[in-house]
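Residue-level listing of the chains:
2 protein chains.
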Amino acid sequence: MKIDGQHYRTIWLDSDDDTVVCIIDQRPLPHQFIIEALHTVDDVFVAIRDMHVRGAGLIGAAGAYGMYLAAVDAVSHDNPLAIIKRAADKLKSSRPTAVNLSYAIDKQLDCINNVLSMSDIPAKTKTLAQTIADEDAQACFSIGQHGFPLIRYLSEQKKGQPVNILTHCNAGWLAFVDHGSATAPIYASHDAGIDVHVWVDETRPRNQGSRLTAWELEQHGVPFTVITDNTGGHLMQNGLVDIVIVGSDRTTHTGDVANKIGTYLKALAAQDNDIPFYVALPSSTFDWVIQDGCKDIPIEQRDGDEVKHIQGLDGNTLKSVLLTTRESNTANYAFDVTPARLVTGLITERGICKPNKASILQLYPEKRVND
Amino acid sequence: MKIDGQHYRTIWLDSDDDTVVCIIDQRPLPHQFIIEALHTVDDVFVAIRDMHVRGAGLIGAAGAYGMYLAAVDAVSHDNPLAIIKRAADKLKSSRPTAVNLSYAIDKQLDCINNVLSMSDIPAKTKTLAQTIADEDAQACFSIGQHGFPLIRYLSEQKKGQPVNILTHCNAGWLAFVDHGSATAPIYASHDAGIDVHVWVDETRPRNQGSRLTAWELEQHGVPFTVITDNTGGHLMQNGLVDIVIVGSDRTTHTGDVANKIGTYLKALAAQDNDIPFYVALPSSTFDWVIQDGCKDIPIEQRDGDEVKHIQGLDGNTLKSVLLTTRESNTANYAFDVTPARLVTGLITERGICKPNKASILQLYPEKRVND
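As they're listed, the protein sequences go chains A and B.
According to the numbering used here, the first sequence is numbered sequentially starting from 1.
According to the numbering used here, the second sequence is numbered sequentially starting from 1.
Okay, chain A solo, but in the shape it has when bound (with noise of 0.2 Å):
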């Protein structure tokens, strides 16, 4: 992605000392653009919970690094594998949703235990990381050119009037280490001459949506439009919606996909209204365990502040202001889960397939176990 025409990625190594990580912060975007610098796994920790950065490649990408700075500070001290034992389990406390985080841990922890010299894993966990890095980057890469063919037949059945696309949160570049998952075929899709149209939920209370979303596509040229959350619905029974297409956190190899909360409530209004509802997901994000999603996956609650507070521009200063009485009670539930029954597809790094276990197994028959 490239912002006022320089390319960036979400996360990178300082190219002067490779044991710094280099983020975008993502919470005063889009009224400034900040480079911060983590130094260690504590700083990563911060960086995810407090949402400097966030989305489910990122975060897993994020993890990966900052296991490689845990190996890095580990190495100097006795007894390192506990080191490294307790930030990975201090960093997969960060978020419980997204399944990424989790993913890209298990890896770093079993590249360790396969290092024959304590001496080499700081080494092996950088290229680890990397490698996490670049292959998130190059699964949304791919997921654009397997959901590139859903927005051209669209546009086509439409005889070149514009697509309108509505997206929930931001399942962007800025949610993974570039492309996106869900914009990835939307940004295809624009870069090959198709006239698209995107509407953006807000997303409250963090508004990923109205913040982030919006921010990259209007870097990228691409034609869109805010709404609240509450629009969706009535834009979709007004045909002004050909497609839903949304990110995912955590999505089970049954086909229910954890995501933003309110995406279950686009899912119903896009099913009332005959739309196609996609997700977009590299398969880093499933779940080949959990085999219920409404049930099993554990839903963050974040604190209420969130949903009390809210910061925006006052001239040019970033304020938060109070949106409530003091004593409001909140709550602030991150996730919701959308059963399978409710999502036409699913789009992955290998094509697409349909929201259930056959369909899924197929695209990646490497997970199918013995019964």
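Keep in mind that the hints are not guaranteed to be accurate.
[Claimed, not checked] No more than 30 Å apart at the CA atoms, straight line, and that leaves these computed lysine-lysine pairs for DSS-like:
#1 Lys319(B) - Lys319(A)
#2 Lys126(B) - Lys107(B)
#3 Lys126(B) - Lys158(A)
#4 Lys92(B) - Lys357(B)
#5 Lys367(A) - Lys85(A)
#6 Lys295(B) - Lys107(B)
#7 Lys367(B) - Lys295(B)
#8 Lys159(A) - Lys124(B)
#9 Lys295(A) - Lys85(B)
#10 Lys159(B) - Lys126(B)
#11 Lys92(B) - Lys367(B)
#12 Lys158(B) - Lys295(A)
#13 Lys295(B) - Lys90(B)
Hint data in this document are derived by calculation from the structure and do not stem from the laboratory.
Model the placement of chain B on the given structure of chain A, informed by the hints.
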């Protein structure tokens, strides 16, 4: 309703000067409680259009009082009927979706047409405005009485555990002259000692839920939790909502319900989880002409700046902050239509009926027309 122990209605004539209409300016709530004096029909027009007052019943009462102010002014000019007619057209144009407005204004026009002497018009329209306000308050009180058994039944089913009621927007005291529509059964239940808890949808973009409904409930001592508009579906999936009660800005006599944008999404979630979805409305909110609410109820589009900016408290100062980039395009549909098939029942001042023509006409037989 009491505010800090003192009884208020939402609209009344100044006790010192009965040509001045007093309202509570709802824009700075819950942070500031300001009473505004309206002197002219233009003041009333601005107060309705810019939402100093809002809500189906209160808009109707404000329209009625606006016609009274127009009459007071008109009789001191030549051609008072032309002045009154222009005032009626202007007031009707202030908000297109709520039917209570044209209901009240047409009642005033009928009254004026039946007055023999022009000099009687101010007194007659004043009396009628007060009657319309009284009827609104009385209808809401009756809605509370008819809705109360629904909540009492759920409380019995739950053996006294709190009944969780989800509501959207503000169909409370502030949306009417007193009591509210959706809130009336809640207040009646709470006052009768039933343990209730209200999930208050924030209701973007103008946050009538988190600003107004929450404030009302807090003043009345009813336990509540503010949630983002995205949250209700997840709560319903997880057994945390026992009943949904919302208001309406226009309900067709065929049972289609126009209400604040986002209501349709909650109705879909209620249906998907077998949760009763009730709409509370005085009969002044019925549209006896339109057959197909989804096709034919006009949906107001408001300024997109309402999506881009939000007002809140910075220290003790009310501030408006910018949420998006300055260039972001936004759309702001104010209402959506929930089709009758998703509605469990309508709670009216005459009792509860099904959302269909036959059942509604059984309660309102005087509205039967010969085919």
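Going down the list of hints, with the structure as the test:
{"no.": "1", "hint": "Lys319(B) - Lys319(A)", "result": "holds, 9 Å"}
{"no.": "2", "hint": "Lys126(B) - Lys107(B)", "result": "holds, 12 Å"}
{"no.": "3", "hint": "Lys126(B) - Lys158(A)", "result": "violated, 56 Å"}
{"no.": "4", "hint": "Lys92(B) - Lys357(B)", "result": "holds, 26 Å"}
{"no.": "5", "hint": "Lys367(A) - Lys85(A)", "result": "holds, 26 Å"}
{"no.": "6", "hint": "Lys295(B) - Lys107(B)", "result": "holds, 27 Å"}
{"no.": "7", "hint": "Lys367(B) - Lys295(B)", "result": "holds, 22 Å"}
{"no.": "8", "hint": "Lys159(A) - Lys124(B)", "result": "violated, 60 Å"}
{"no.": "9", "hint": "Lys295(A) - Lys85(B)", "result": "violated, 60 Å"}
{"no.": "10", "hint": "Lys159(B) - Lys126(B)", "result": "violated, 49 Å"}
{"no.": "11", "hint": "Lys92(B) - Lys367(B)", "result": "holds, 23 Å"}
{"no.": "12", "hint": "Lys158(B) - Lys295(A)", "result": "holds, 22 Å"}
{"no.": "13", "hint": "Lys295(B) - Lys90(B)", "result": "holds, 25 Å"}
When held up to the earlier numbered hints, the structure conflicts with 3, 8, 9, 10 and fits the remainder.
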